[in-house]
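Protein sequence lines correspond, in order, to chains E and P.
Letter by letter, the first sequence follows residues 1 to 221 in the working numbering.
Letter by letter, the second sequence follows residues 1 to 242 in the working numbering.
What the hints contain is simulated information worked out from the structure, not anything from laboratory work.
All figures in this text were calculated on a predicted structure; none of them were measured in a lab.
All residues carry an ideal CB built from backbone N, CA and C; glycine is no exception.
Hints are not guaranteed to be accurate.
[To be verified] Chain P regions said to be covered by chain E (calculated; three or more residues, Cβ under 8 Å): (1) 25-36; (2) 180-188.
[What the hints assert, rightly or not] Subject to a maximum C-alpha distance of 25 Å in a straight line, what follows is the list of computed SDA-like cross-link-like pairs (lysine to any residue): (3) E:LYS135 x P:LYS86; (4) P:LYS130 x E:GLY137; (5) P:LYS130 x E:TYR187; (6) P:LYS118 x P:ILE189; (7) E:LYS53 x P:LYS86; (8) E:LYS53 x P:GLY128; (9) E:LYS112 x P:THR36; (10) P:LYS130 x E:ASN203; (11) P:LYS130 x E:GLU57; (12) P:LYS86 x E:GLU108; (13) E:LYS170 x P:SER40; (14) E:LYS53 x P:THR36; (15) P:LYS130 x E:THR185; (16) E:LYS207 x E:GLY58; (17) P:LYS86 x E:THR185; (18) E:LYS112 x P:LYS86; (19) P:LYS75 x E:PRO92; (20) E:LYS53 x P:LEU129; (21) E:LYS53 x P:GLY120; (22) E:LYS135 x P:LYS130; (23) P:LYS130 x E:GLY69; (24) P:LYS130 x E:GLU181; (25) E:LYS53 x P:SER127; (26) E:LYS135 x E:GLY152; (27) E:LYS53 x P:ASP65; (28) P:LYS86 x P:ARG55; (29) E:LYS170 x E:SER98; (30) P:LYS130 x E:ILE131; (31) P:LYS149 x P:PHE54; (32) P:LYS130 x E:PRO196; (33) E:LYS112 x P:LYS149; (34) P:LYS86 x E:THR107; (35) P:LYS130 x E:THR94; (36) P:LYS75 x E:ASN80; (37) P:LYS130 x E:ARG83; (38) P:LYS118 x E:ARG93; (39) P:LYS86 x E:GLY35.
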Amino acid sequence: MVTLMRNLPIALVLLPLLSGCVASRIEQSRDSSTGIESDEAIVLLGRASYNDKQTEEGFTECIADVLAGGDNPIRLIGQNQFRDDLYPWFEPRTAPTSADELGRLFTEPGVKERIASVNVRYLAWIDGDTITVDKGGSMSCTISTFGGGCFGMSYWEEDASYEAAIWDLKTMTSTGQISAEANGTSYLAGLIIPIPILARPGNAACKGLANQLREFIVGET
Amino acid sequence: MLQFRALLRQSLYVTAMLLFLQSCTTSVVVEGTVPTPLVSVIPARMGVYYSDEFRRFKHEEVFRDSGGWHIDLGKQNLRFFQNLTKSLFAEIQEVHQPPLTTEEMRNLDGVFIPSIEKYGFLTPSISGLKFYSASIEYRVAMYDKVGAKVGDWNIVGYGKSEGGLFSSDEAINEATVLAIRDGGARIAIELIDQPAVQAWLQSRHESFESSAGPPGVAENIESIESIENSETPENVDGDPDA
Chain E
1 MVTLMRNLPI
11 ALVLLPLLSG
21 CVASRIEQSR
31 DSSTGIESDE
41 AIVLLGRASY
51 NDKQTEEGFT
61 ECIADVLAGG
71 DNPIRLIGQN
81 QFRDDLYPWF
91 EPRTAPTSAD
101 ELGRLFTEPG
111 VKERIASVNV
121 RYLAWIDGDT
131 ITVDKGGSMS
141 CTISTFGGGC
151 FGMSYWEEDA
161 SYEAAIWDLK
171 TMTSTGQISA
181 EANGTSYLAG
191 LIIPIPILAR
201 PGNAACKGLA
211 NQLREFIVGE
221 T
Chain P
1 MLQFRALLRQ
11 SLYVTAMLLF
21 LQSCTTSVVV
31 EGTVPTPLVS
41 VIPARMGVYY
51 SDEFRRFKHE
61 EVFRDSGGWH
71 IDLGKQNLRF
81 FQNLTKSLFA
91 EIQEVHQPPL
101 TTEEMRNLDG
111 VFIPSIEKYG
121 FLTPSISGLK
131 FYSASIEYRV
141 AMYDKVGAKV
151 GDWNIVGYGK
161 SEGGLFSSDE
171 AINEATVLAI
181 RDGGARIAIE
191 LIDQPAVQAW
201 LQSRHESFES
211 SAGPPGVAEN
221 IESIESIENS
231 ETPENVDGDP
241 DA
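Put together the whole structure using the sequences plus the hints.
What follows is the structure, given as structure tokens:
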């Protein structure tokens, strides 16, 4: 019992480190060659529509963090700043839906000059979301004057599916798409204390997509 | 003495009830950025009238599940429209409630009046979705120099925002700011293409031509004529999913 009590704090520290398995797949299709100068920038924009789905802001921020870090950081312009600078052309209902519309957009007063002033070379539209596809099990927790605890087990399975469509603002063309899919099941086991075993498919999709996006943009010139 | 005790008890009940109601009411003063639109300028000097209701627009609603909401969007909305109209028209001047006298209209070509018809919002507990959403229905009316109506249009702006369990006020703020932006974007882009606005600009152009108006204004009207050839939507209001 003494040993158990001694090891309990260590177990509590290590528990959050337990992670469930995630299966992920990254695919890429390239339409034209790419390359970026050190003073050129990328803008990541999350697609929003007025149905029940929307790319989570946290996902776009996660990709931005990966691209802005590492050995070969890429200059990024924040999506809120970009949307404000180019208002009203990148709002959910007014944003171009394909690269073919860029030509028309660039004829609007001030748009071309504003994009040139911040030297944005690529626009990456991030579309997708993470959804819970299955869940089950049960767990109950009780507390009384003699102590308490949780017993049982619950699980939930999540699917993360995202796509990045990359447009070259210099040539006003689509340069390609990258898709990332990840799936994982998380568990919460109640053995007196609740033990979470979390799979994070959204995080796996973010890292996979961000690394592929970096390679896509700087890898082939 | 008994009466005093009864009165004291009642006062305590009322105070407790008021405190309970207060704790269940979420107050939001909407705040956000005010972007300057990059759009074609309508070559007209407009008087802009903002009613007191528009300036101080507030929305109050009580839901059985999520309690009371008190949303004050007047200040943000006014700031947004002041900036929008400044970019949309060649010149603007805030005016009092029409009708304006001939003297007051001397340096104006028309009057622009925005108003809020409806505001509404949904929380995830009501919609069953992951988002907080807000919508604003604006009505914008334009009058010419003599006070005849050029046209009026209804525009609905939508916004939605992710929200955590303990940040519902921030999510409603963001959804409302996005709804104002969305409505403003539709006005900024589509107002100039409305057939009634085009006809009004054309009639002004013709009257300038006949009276040989100032050259600067005539140049601006010529630039509008090039837009006339583009596709003109029948109605500014539309399906949000379109």
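Now the hints, each set against the structure:
Against chain E, the segment 25-36 of chain P contributes 3 residues with a C-beta closer than 8 Å to a partner C-beta. That satisfies the three-residue criterion, and the hint holds. For the segment 180-188 of chain P, the stated coverage by chain E holds: 6 residues have a C-beta nearer than 8 Å to a C-beta of that chain, and at least 3 were required. Proximity of LYS135 (chain E) to LYS86 (chain P) is assessed by CA-CA distance (about 53 Å); at most 25 Å being required, the pair is judged violated. Proposed proximity of LYS130 (chain P) and GLY137 (chain E) is supported: the alpha carbons are some 23 Å apart, at most 25 Å.
A threshold of 25 Å between alpha carbons decides the hint, and for LYS130 (chain P) with TYR187 (chain E) the separation of about 22 Å falls inside it, so the pair holds. This hinted pair checks out: LYS118 (chain P) and ILE189 (chain P) have alpha carbons roughly 22 Å apart, not beyond 25 Å. Taking the CA atoms of LYS53 (chain E) and LYS86 (chain P), the gap is near 35 Å; set against the 25 Å cutoff, the hint is violated. A C-alpha spacing of about 12 Å is found between LYS53 (chain E) and GLY128 (chain P), which places the hinted pair at or below 25 Å, so the restraint holds.
Restraint check for LYS112 (chain E) and THR36 (chain P): satisfied, since their Cα atoms lie roughly 16 Å apart, inside the 25 Å limit. For the suggested pair LYS130 (chain P) and ASN203 (chain E), the alpha carbons sit about 19 Å apart, so the restraint of at most 25 Å is met. Of the supplied pair hints, the one linking LYS130 (chain P) and GLU57 (chain E) holds, its CA atoms being roughly 13 Å apart against a limit of 25 Å. The hinted pair formed by LYS86 (chain P) and GLU108 (chain E) meets the criterion: a straight-line CA distance of about 18 Å does not exceed 25 Å.
Among the hinted pairs, LYS170 (chain E) with SER40 (chain P) is consistent with the structure: their alpha-carbon atoms are about 23 Å apart, no more than 25 Å. At most 25 Å may separate the alpha-carbon atoms for a hinted pair to count; LYS53 (chain E) and THR36 (chain P) exceed this at roughly 28 Å. A hinted pair counts as satisfied when its Cα atoms are at most 25 Å apart, and LYS130 (chain P) with THR185 (chain E) qualifies at roughly 20 Å. Of the supplied pair hints, the one linking LYS207 (chain E) and GLY58 (chain E) holds, its CA atoms being roughly 13 Å apart against a limit of 25 Å.
Only pairs whose Cα atoms come within 25 Å are accepted, and LYS86 (chain P) paired with THR185 (chain E) is rejected, the gap being roughly 53 Å. Under the criterion of a C-alpha separation no larger than 25 Å, the hint pairing LYS112 (chain E) with LYS86 (chain P) is consistent with the structure, at around 21 Å. Simply put, LYS75 (chain P) and PRO92 (chain E) have alpha-carbon atoms about 24 Å apart, close enough for the 25 Å limit, and the pair holds. Of the pairs offered as hints, the one joining LYS53 (chain E) and LEU129 (chain P) holds, with about 9 Å between alpha carbons and a cut-off of 25 Å not exceeded.
Between LYS53 (chain E) and GLY120 (chain P) the alpha-carbon distance is near 20 Å, which keeps this suggested pair within the 25 Å criterion. Our distance criterion of 25 Å between C-alpha atoms is met by LYS135 (chain E) and LYS130 (chain P), whose separation comes to about 17 Å. The straight-line distance between the Cα atoms of LYS130 (chain P) and GLY69 (chain E) is roughly 30 Å, outside the 25 Å bound, and the hint therefore fails. Taking the CA atoms of LYS130 (chain P) and GLU181 (chain E), the gap is near 21 Å; set against the 25 Å cutoff, the hint holds.
With a C-alpha separation of about 13 Å, the suggested pair LYS53 (chain E) and SER127 (chain P) falls inside the 25 Å cut-off, and the hint holds. As the CA atoms of LYS135 (chain E) and GLY152 (chain E) are separated by approximately 14 Å, the hinted pair is consistent with the 25 Å bound. For the proposed pair LYS53 (chain E) and ASP65 (chain P), the alpha carbon gap of about 24 Å is at most 25 Å, so the pair holds. At roughly 17 Å between alpha-carbon atoms, LYS86 (chain P) and ARG55 (chain P) fall within 25 Å of each other, so this suggested pair holds.
Of the pairs offered as hints, the one joining LYS170 (chain E) and SER98 (chain E) holds, with about 15 Å between alpha carbons and a cut-off of 25 Å not exceeded. With a CA separation close to 11 Å, the supplied pair LYS130 (chain P) and ILE131 (chain E) stays within the 25 Å bound. As the CA atoms of LYS149 (chain P) and PHE54 (chain P) are separated by approximately 20 Å, the hinted pair is consistent with the 25 Å bound. Note on LYS130 (chain P) and PRO196 (chain E): the hinted pairing holds, with a Cα-Cα distance of about 23 Å set against a maximum of 25 Å.
Annotation: proposed proximity of LYS112 (chain E) to LYS149 (chain P) is violated, straight-line Cα distance about 36 Å (limit 25 Å). A threshold of 25 Å between alpha carbons decides the hint, and for LYS86 (chain P) with THR107 (chain E) the separation of about 21 Å falls inside it, so the pair holds. Taking the CA atoms of LYS130 (chain P) and THR94 (chain E), the gap is near 23 Å; set against the 25 Å cutoff, the hint holds. Straight-line distance between C-alpha atoms of LYS75 (chain P) and ASN80 (chain E) comes to about 21 Å, which keeps the hinted pair within the 25 Å bound.
With a C-alpha separation of about 23 Å, the suggested pair LYS130 (chain P) and ARG83 (chain E) falls inside the 25 Å cut-off, and the hint holds. Among the hinted pairs, LYS118 (chain P) with ARG93 (chain E) is consistent with the structure: their alpha-carbon atoms are about 20 Å apart, no more than 25 Å. Straight-line distance between C-alpha atoms of LYS86 (chain P) and GLY35 (chain E) comes to about 40 Å, which puts the hinted pair past the 25 Å bound.
In summary, the numbered hints that this structure violates are 3, 7, 14, 17, 23, 33 and 39.
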